[in-house]
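Residue numbers (numbering that gives the first Met the number 0): 0 to 274.
Derived from the structure by calculation, the hints contain no laboratory data.
Only a predicted model underlies this, so the values are computations on that prediction, with no experimental measurement involved.
For every residue, glycine included, the Cβ atom is placed at its ideal position computed from N, Cα and C.
A few of these clues could be false.
Pairwise CB distance ranges (calculated) [what the hints assert, rightly or not]:
id : residue 1 : residue 2 : range
1  : Gln189    : Pro34     : 23 to 29 angstroms
2  : Asp22     : Ala229    : 27 to 33 angstroms
3  : Asn182    : Asp22     : 42 to 48 angstroms
4  : Ser197    : Thr109    : 19 to 25 angstroms
5  : Glu198    : Asp236    : 23 to 29 angstroms
6  : Asp232    : Gly254    : 19 to 25 angstroms
7  : Gly171    : Ser238    : 19 to 25 angstroms
8  : Asp252    : Ala83     : 45 to 51 angstroms
9  : Ala268    : Thr9      : 37 to 43 angstroms
10 : Gln63     : Ala229    : 19 to 25 angstroms
11 : Ala169    : Thr72     : 24 to 30 angstroms
12 : Leu267    : Ala10     : 47 to 53 angstroms
13 : Arg270    : Ala192    : 37 to 43 angstroms
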Amino acid sequence: MNPELPALLTAADARVRLEFVGDDGALAIVTLNRPDAHNVLDPDTAHVLRTAIAEVAPRVAEEQVRAVLLRGTGRSFCAGGDIACFTGTADERANVLGSMIPPLNSALHTLATLTVPVVSALNGAVGGGGIGLAFCADIVIAAESMVLRGGYTGIGLTPDVGSSWFLARAIGGARAKRVFFCNEKISAAQCLAWGLVSELVPDAELDARALALAQSLASSATRAIGRTKALVDGAADRSLSEQMALEAGFMVDSGRDSESAEGVAAFLARRAPRF
0 MNPELPALLT
10 AADARVRLEF
20 VGDDGALAIV
30 TLNRPDAHNV
40 LDPDTAHVLR
50 TAIAEVAPRV
60 AEEQVRAVLL
70 RGTGRSFCAG
80 GDIACFTGTA
90 DERANVLGSM
100 IPPLNSALHT
110 LATLTVPVVS
120 ALNGAVGGGG
130 IGLAFCADIV
140 IAAESMVLRG
150 GYTGIGLTPD
160 VGSSWFLARA
170 IGGARAKRVF
180 FCNEKISAAQ
190 CLAWGLVSEL
200 VPDAELDARA
210 LALAQSLASS
220 ATRAIGRTKA
230 LVDGAADRSL
240 SEQMALEAGF
250 MVDSGRDSES
260 AEGVAAFLAR
270 RAPRF
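The task is simple: from the sequences and hints, build the whole structure.
Now the structure itself:
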């Protein structure tokens, strides 16, 4: 089911495509669509991405969308910023960056704080601003071709759009600094070993595997997942007693929720739950 959307999100040549999959449109698929340019980010793409996520967020709040899948067309998920935009004078460079970062920040912050599960499917190059987009997801699946590269300091720039935050929290400060300082190519296998991605698949299987996982999550107990997401994402910033108190409150809330009624009934009846 695809509700009426702005043409800039549905055209064949849209820089970012948005679709809602399933009879009830419960899965939102956000696709970066500049395959000939490795899905690099420029000001136009940044604004279209913000528009796409702004379409998704209220549907999450209304429990119409129950999961989100991020992916890219072509050989790469997202190689980062479009370097061609960064030529010109110092002021021109600063103006371009200043026009790109706010909409990207808005889009990525919204994605990272959605109360439903977000899955990203990575292949080929993942670098620069693409790092934040890739790793703002809750579950990251990578193809064997995926290669991580910091990129920023190699052209005299610094991390943006949450990339330093997501990477440091996922793999620790020391490894994040190495990624950003040295600009080495980090293989998908190494990303798996670091825990940066949760699953590694052959390239030919990436789309199907990511879609299957996202669809499975969309049919799961997404309110319970949303509470769990809040617990895990904020755990490092709370004391043990604070975490336990929040867990207790969420458990009681979940016990009152129709999801737990259905889950318990399904378990006792030895059938699949229908959330």
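Structure versus earlier hints - violations, ascending order: Per hint list: zero violations.
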